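Trainee: In order, the protein sequences belong to chains A and B. All residue numbers for the first sequence refer to this note's numbering, where the first residue is 1 and numbers rise by one. All residue numbers for the second sequence refer to this note's numbering, where the first residue is 1001 and numbers rise by one.
Hints are computed from structural coordinates only; laboratory data are not their basis. Careful, some of the hints might be misleading.
Unchecked claim - Among the chain A residues that face chain B by a calculated CB cut under 10 Å, a handful are:
#, residue
1, Leu45
2, Trp47
3, Trp50
4, Lys63
5, Arg67
6, Val93
7, Asp105
Unchecked claim - The calculated lysine to aspartate or glutamate pairs, modelled on EDC-like cross-linking and capped at a C-alpha distance of 16 Å, are:
#, chain 1, residue 1, chain 2, residue 2
8, B, Lys1039, B, Glu1081
9, A, Lys63, A, Asp89
10, A, Lys23, A, Asp89
11, B, Lys1039, B, Asp1001
12, B, Lys1042, B, Asp1001
13, B, Lys1045, A, Asp89
14, A, Lys63, A, Asp77
15, B, Lys1045, A, Glu82
16, A, Lys63, B, Asp1001
Bear in mind that the values here come from a model prediction, so they are computed numbers and not experimental data. Even glycine gets a Cβ: it sits at the ideal position worked out from N, Cα and C.
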Amino acid sequence: QVQLVQSGAEVKKPGASVIVSCKASGYTFTHNGIIWVRQAPGQGLEWLGWISPLNGDTIIAQKFQLRATMTTDTSTDTAYMELRRLTSDDTAVYYCARGRGLFPDYWGQGTLITVSS
Amino acid sequence: DIQMTQSPSSLSASVGDRVTITCRASQGISSWLAWYQVKPQKAPKSLIYAASNLQSGVPSRFSGSGSGTDFTLTISNLQPEDFATYYCQQYDTYPLTFGGGTKVDIK
């Protein structure tokens, strides 16, 4: 069965960087994109971007283009999302999801990133 | 960016009720619309894609309709496990954007 297992919660200081990992199993990793979405406490969902594990192509929301990098490692079927220059506004649960096209059909369990001094 | 406006922002309903949530896009998005269910401390669950197609494993009491700018999610015969927040999302144009959510709680 399709599973996406994300890395654990982290606490970061303002200005730091964080990398969230997302290990896929149960399907051929290069056949589907990986989508990243976040949800801040008490807020709605926000789309960060998409990456193709097949060729590394990315589409990152303009809001995050200068601070976010999305990569994949096809040897371990793992996707990564790095977010730099963190602020308190980046405190959120970050989700990866398998993309069927741009539709996320299976989701990871989420990773809580807390930015606090 | 395409703005997605959901209404109502919240509603109270009883088990067995029929519930309808609407989502309006600020410009036409054809049928590139999805619906998600979000519960506290849980990952989102994808319900519907391409406006009206049920994701595998989703109960048939969920249905979606619409195209262009106006869309609806209907839950017929509301069940206890359906109390949650529902979001629409357009995936026609980057950046992909979500509606503000509709919280469905128990009357």
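Trainee: Each hint should be assessed against the structure and marked as holding or not.
Mentor: Okay, the hints, checked on the actual structure:
1. Interface restraint check for Leu45/A: the shortest CB-CB distance to chain B comes to about 5 Å, inside 10 Å, so the restraint holds.
2. For Trp47/A, the suggested interface contact is upheld, since its CB lies about 4 Å from the closest CB of chain B, less than 10 Å.
3. Against a cut-off of 10 Å between C-beta atoms, the interface hint on Trp50/A holds, since the closest Cβ of chain B lies about 8 Å away.
4. For Lys63/A, the suggested interface contact is upheld, since its CB lies about 7 Å from the closest CB of chain B, less than 10 Å.
5. With a cut of 10 Å, the hint placing Arg67/A at the interface with chain B is violated, because the nearest CB-to-CB distance is about 15 Å.
6. Contact between Val93/A and chain B, as hinted, is supported at the beta carbon level, the nearest pair being about 9 Å apart and thus within 10 Å.
7. The beta carbon of Asp105/A comes within 6 Å of a beta carbon in chain B, closer than 10 Å, and the hint placing it at the interface holds.
8. The suggested pairing of Lys1039/B with Glu1081/B holds, with an alpha-carbon distance near 10 Å, which does not exceed 16 Å.
9. A C-alpha spacing of about 13 Å is found between Lys63/A and Asp89/A, which places the hinted pair at or below 16 Å, so the restraint holds.
10. Our distance criterion of 16 Å between C-alpha atoms is broken by Lys23/A and Asp89/A, whose separation comes to about 26 Å.
11. Straight-line distance between C-alpha atoms of Lys1039/B and Asp1001/B comes to about 27 Å, which puts the hinted pair past the 16 Å bound.
12. Restraint check: the Cα-Cα separation between Lys1042/B and Asp1001/B comes to about 28 Å, which exceeds 16 Å; the hinted pair is violated.
13. Taking the CA atoms of Lys1045/B and Asp89/A, the gap is about 24 Å. The hint is violated against a cut of 16 Å.
14. At roughly 27 Å between alpha-carbon atoms, Lys63/A and Asp77/A are farther apart than 16 Å, so this suggested pair is violated.
15. For a cut-off of 16 Å, the pair hint linking Lys1045/B to Glu82/A is broken: about 24 Å separates their Cα positions.
16. For the hint linking Lys63/A to Asp1001/B, the alpha-carbon distance of about 11 Å falls within 16 Å, and the restraint holds.
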